[in-house]
Amino acid sequence: MDLIISGLGKAFRLLLSLDQEVFAITWLSLQVSGLATIISLFLGISLGTTVALTTFPGRNLVVSLINTGMALPPVVVGLFVTIFLWRNGPLGFMGLLYTPAAMIIAQIVIATPIVTGISLAAMQSLPEKLRLQILALGATRLQMLWLLMREARLPLLAAVMAGFGGVISEVGASIMVGGNIKGYSRVLTTATVMETSRGNFEMAMALGIILLFFIFLINAVLSRIQQQTKVR
Amino acid sequence: MKTSSLSKIVIGLFVSLIIISGLAGLTPAAEQKTIILATTTSTQDSGLLDVLIPRFEKEQGYFVKTIAVGSGQAMSMGQKGEADVLLVHSPAAEEKFVSEGRGINRRLVMHNDFILVGPSTDPAKIKGVKTTVEAFKSIAAAGSLFLSRGDNSGTHAKEKAIWAATGLSPMKEKWYQETGLGMGQTLSVAAEKKGYTLTDRGTYLALKKNLGLEILKEGDAVLLNVYHVIEVNPTKWPKVNAPGAKAFADFMVSREVQDLMKTFGKEKYGAPLFFPDAGKKVEELGK
Amino acid sequence: MSPLPVSILTIKNLLVERGGARVLDIPAFSLSEGETLAIIGPNGAGKTTFFLALARLLDPVRGALLFKGQDVLRPELTISYRRRLAMVFQDPLLLNATVFHNVAVGLKIRHLPKQEIARRVARYADMMRIGHLLSRSAKSLSGGEAQRTNLARAFATEPELILLDEPFANLDAPSRDTLIEDLQLVLGQTGTTAIVATHDRLEALRLADRLAVMNEGHIVQTGACQEVMNHPANELVASFVGIETLFPGIVQKASGGTFTVEVAGQKIEGIGEVAVGETVICCVRPENVIISRQEAGAETSVRNNLPAMIIKIIPQGPYFKLQLDCGFFLTAYVMPQSLENLALQEGKRVNLSFKATAVHAIHRGK
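Protein chains in written order, with the working numbering: chain X, 1 to 232; chain W, 1 to 287; chain A, 1 to 366.
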């Protein structure tokens, strides 16, 4: 219990003293997970919407795969991405292993199925005839997609939050493909693990609290948007 | 339907900021100037590299990616050509590594030592026992709780070697517990559960005040922890940064660095954490 | 109405398939500008499919669809064609937004300027009597208000043709009533050509000039309402337009458009083109059956007079439905006043009569 309190205290001190290293780590966390989430949004919402609104042979299989993908173990993703990005692996020539770029890639692989799965459910929950009605009003395909997505904005924003949550809190893949290199690929989660393994529990707790704080902040803003777009 | 315009603007700005800075700052560094150094968590945790690496980078213009993992993983990375240079402390595995032609220029860099720590109550009564091997035997005889890292790290390798020397095999015993964790965490578990464990001096000193564990055996020759730097063989793995690896290895055994090591840790812990040994022979150490 | 009705829509040989099965097969169809056509038929008859095909939301396997003379099956015309129509489904299908936004959706899709949108929304919302609800959330509306919003949304786009697929089926009777009135008004005011699909023949009669009966993807009969209702082409149409008395008989005599059939020992006269010896189904609308006391009365012009017994009396709101047995079963409608005056009750023997002109023959196998 005192550990939590002392951790809180340390967190405050670190933030108030504008500790450079902590700031760098925090900013990198937000950059990496932020960028990964944004890219996953584009991929996930388009894929989820397409699967929801079209029929094609093998659709059931695709839906199962998407839903399975939502539960992909991040460490397994990390392992696969590592093997690809190894110097002697297929994408080794890109020199991406142990870089923040590799972390972004791994996080995209983790977040996209989550965003896809929830978007799929969101679009499927719309009344079937609504799509026809919007088309009957003379909408182009693009207009129709936009209107349907606006209609499903509540669960779609939940998809954004789920995708972001899945990657900002991720550590296994980030350590593997990022290497937790000081000042370069160290983020809040990997730093927390490192401090814990060193036995510096107070520091680990402080970093954990900072991470929680930012997760809360971002989700608070997203929640506000989500709830605000409900008509009074 | 009416999204607050302010929220939209704030989000938009934040998102653009992330994208721009992300894309700009996250491009990988130039190949020639990057070195992948595989080392162990305990080496990293001692803080020595936090002093040496920036110095090396500044002096020679390299970007060193320090990947701190368990000894086993570090050696594997070397085996697969995924690292350029290794800084490790598992002599047996290292010798095999070099004899298989996977590494070249294995050079002695420094040593520190391990210590056997435990609760001040010392239930196995190992204080005053002559050798570490005998101390281990006493712990086994008393069935006292012993924590092992169990993760193929250098520390774990040393511990296994000592058990081998006792002729005992405690791995299946109830009082022998493997944590699979790093040194700092294992020490915490030992402190929590009031058990014995083998640890490197550096990590113990760093955490000492919060632990409540005492040094119960030290100074034995068998407790020496010897560090070598090995360059990964470029003929086996053409993609390694051979010049970079050599530059780093040379740096580690240079006069300048060896002198630095003598004082590292003195201020913080009252005693240096490492003992520079470049140029010496292994057999000479500890005498 | 101009003497030569202008065809707004012409269909030739339209065939729509789904999963290999034919769901819509229309060899010929045409709709005149300004008219209101009602389509009735059982569930699964293809009414909705027909609408979807008309709006090009389903594509036919073959056939021609001409809208004001233009071939609108061409893919490049899809969007522009759809924007000349409006479709109203049974379910209001409103968006999660204000009533204003919902009514304006079609206009925003067409990129109309803001003032024009505001003007039209106000105008058509008023016409549908929801002008006071514009800032309300669509989710908070009652069923009737929601459907009015749906209609306002459709009319606001000022379509050349409006398709309504059972628009009032989900509403309670009073809401339905006022809405039908309002719809008639708006259709009249705007002069929009309309096709309305419905289950309710009363609704069809109120709204439509022409009636079409659909079954299993085919249009079985079209014509002016009275024509179809009184002279159904076959049993199915008859049951659908609400003829409850159907009986088979063998034609004994036939000449000059009149015939006599024998059924259960009785001779019934009717009008239609039939052949002697043919077995036909005769139908008589219950409205056309007259009940009188079993007495020998004055000679009347009514050709069919039969003794019968009242089997059952069923209240039907404003009137009573009587089921009678005169050798075959027959249904008649009687006003409560008459029920009382004649002291009609189950089991009583009465006389029933119906004019030959009320008897219509349906050829078997059609």
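Simulated from the structure, these hints should not be mistaken for laboratory data.
Everything numeric in this text was worked out from a predicted model, so none of it was measured.
Keep in mind that a hint or two might mislead.
With beta-carbon atoms standing in for the labels, derived distance ranges [what the hints assert, rightly or not]:
1) E256(W) - G9(X): 53 to 59 Å
2) K246(W) - G183(X): 44 to 50 Å
3) K33(W) - E128(X): 54 to 60 Å
4) L3(X) - G101(W): 31 to 37 Å
5) S120(W) - L3(X): 37 to 43 Å
6) S80(A) - L217(X): 44 to 50 Å
7) S120(W) - I4(X): 23 to 29 Å
Calculated lysine to aspartate or glutamate pairs in the EDC-like style (CA-CA distance at most 20 Å, straight line) [as the list claims (entries may be wrong)]:
8) K10(X) - E195(X)
9) K137(W) - E218(W)
10) K280(W) - D122(W)
11) K209(W) - E202(X)
12) K268(W) - E202(X)
13) K127(W) - E218(W)
14) K246(W) - D122(W)
15) K129(X) - D91(A)
16) K267(A) - E299(A)
17) K182(X) - E178(W)
18) K182(X) - D19(X)
19) K209(W) - D2(X)
20) K33(W) - D250(W)
21) K194(W) - D220(W)
22) K58(W) - D2(X)
23) K182(X) - E195(X)
24) K68(A) - D200(A)
25) K139(A) - E21(X)
26) K355(A) - E340(A)
27) K209(W) - D122(W)
28) K182(X) - D151(W)
29) K172(W) - D151(W)
30) K208(W) - E202(X)
31) K139(A) - D200(A)
32) K208(W) - E128(X)
33) K268(W) - E128(X)
34) K127(W) - D151(W)
35) K160(W) - E218(W)
36) K208(W) - E21(X)
37) K312(A) - E340(A)
38) K129(X) - D59(A)
39) K267(A) - E340(A)
40) K355(A) - E216(A)
The C-beta atom is built at its ideal place from N, Cα and C for all residues, glycine as well.
So, going through the hints one by one against the coordinates:
Taking the beta carbon of each, E256(W) and G9(X) are about 40 Å apart, not inside 53 to 59 Å as hinted. A hinted range of 44 to 50 Å for the beta carbons of K246(W) and G183(X) is inconsistent with their spacing of about 24 Å. Taking the beta carbon of each, K33(W) and E128(X) are about 59 Å apart, inside 54 to 60 Å as hinted. The given range of 31 to 37 Å is broken by L3(X) and G101(W), whose C-beta atoms sit roughly 49 Å from each other.
Between S120(W) and L3(X) the CB atoms are about 23 Å apart, so this pair departs from the stated range of 37 to 43 Å. Restraint check, S80(A) to L217(X): a C-beta distance of roughly 48 Å satisfies the suggested window 44 to 50 Å. Evaluation of the 23 to 29 Å hint for S120(W) and I4(X) yields a pass: the beta carbon distance comes to about 28 Å. Proposed proximity of K10(X) and E195(X) is supported: the alpha carbons are some 14 Å apart, at most 20 Å.
Restraint check for K137(W) and E218(W): satisfied, since their Cα atoms lie roughly 16 Å apart, inside the 20 Å limit. A threshold of 20 Å between alpha carbons decides the hint, and for K280(W) with D122(W) the separation of about 37 Å lies outside it, so the pair is violated. Restraint check for K209(W) and E202(X): the C-alpha separation of about 13 Å stays at or below 20 Å, so the hint holds. Using a Cα cut-off of 20 Å, the hinted pair K268(W) and E202(X) holds, with the two alpha carbons roughly 19 Å apart.
At roughly 10 Å between alpha-carbon atoms, K127(W) and E218(W) fall within 20 Å of each other, so this suggested pair holds. Distance check on the hinted pair: K246(W) and D122(W) sit about 47 Å apart at the alpha-carbon level, beyond 20 Å; violated. Annotation: proposed proximity of K129(X) to D91(A) holds, straight-line Cα distance about 9 Å (limit 20 Å). Our distance criterion of 20 Å between C-alpha atoms is met by K267(A) and E299(A), whose separation comes to about 17 Å.
Annotation: proposed proximity of K182(X) to E178(W) is violated, straight-line Cα distance about 29 Å (limit 20 Å). Simply put, K182(X) and D19(X) have alpha-carbon atoms about 14 Å apart, close enough for the 20 Å limit, and the pair holds. Distance check on the hinted pair: K209(W) and D2(X) sit about 16 Å apart at the alpha-carbon level, within 20 Å; holds. Of the supplied pair hints, the one linking K33(W) and D250(W) holds, its CA atoms being roughly 16 Å apart against a limit of 20 Å.
Between K194(W) and D220(W), the direct Cα distance comes to roughly 23 Å. Violation of the 20 Å bound is thereby established for this hinted pair. A threshold of 20 Å between alpha carbons decides the hint, and for K58(W) with D2(X) the separation of about 41 Å lies outside it, so the pair is violated. For a cut-off of 20 Å, the pair hint linking K182(X) to E195(X) stands: about 12 Å separates their Cα positions. With a C-alpha separation of about 30 Å, the suggested pairing of K68(A) with D200(A) is violated against the 20 Å cut-off.
Proximity of K139(A) to E21(X) is assessed by CA-CA distance (about 51 Å); at most 20 Å being required, the pair is judged violated. Between K355(A) and E340(A) the CA atoms are separated by roughly 24 Å; this puts the pair beyond 20 Å, and the hint is violated. Distance check on the hinted pair: K209(W) and D122(W) sit about 18 Å apart at the alpha-carbon level, within 20 Å; holds. As the CA atoms of K182(X) and D151(W) are separated by approximately 23 Å, the hinted pair breaks the 20 Å bound.
Using a Cα cut-off of 20 Å, the hinted pair K172(W) and D151(W) holds, with the two alpha carbons roughly 16 Å apart. Taken as a hint, the K208(W) and E202(X) pair is honoured in the structure, with Cα atoms around 14 Å apart against an allowance of 20 Å. In summary, the hint linking K139(A) to D200(A) is not supported, as the alpha carbons are separated by about 28 Å, beyond the 20 Å threshold. Our distance criterion of 20 Å between C-alpha atoms is broken by K208(W) and E128(X), whose separation comes to about 66 Å.
With a CA separation close to 70 Å, the supplied pair K268(W) and E128(X) exceeds the 20 Å bound. Distance check on the hinted pair: K127(W) and D151(W) sit about 27 Å apart at the alpha-carbon level, beyond 20 Å; violated. With a C-alpha separation of about 17 Å, the suggested pairing of K160(W) with E218(W) holds against the 20 Å cut-off. For the hint linking K208(W) to E21(X), the alpha-carbon distance of about 25 Å lies beyond 20 Å, and the restraint is violated.
About 15 Å separates the Cα atoms of K312(A) and E340(A), which keeps this hinted pair within 20 Å; it holds. Our distance criterion of 20 Å between C-alpha atoms is met by K129(X) and D59(A), whose separation comes to about 17 Å. Note on K267(A) and E340(A): the hinted pairing is violated, with a Cα-Cα distance of about 30 Å set against a maximum of 20 Å. Between K355(A) and E216(A), the direct Cα distance comes to roughly 34 Å. Violation of the 20 Å bound is thereby established for this hinted pair.
Hint check: violations occur at hints 1, 2, 4, 5, 10, 14, 17, 21, 22, 24, 25, 26, 28, 31, 32, 33, 34, 36, 39 and 40; the rest are consistent with the structure.
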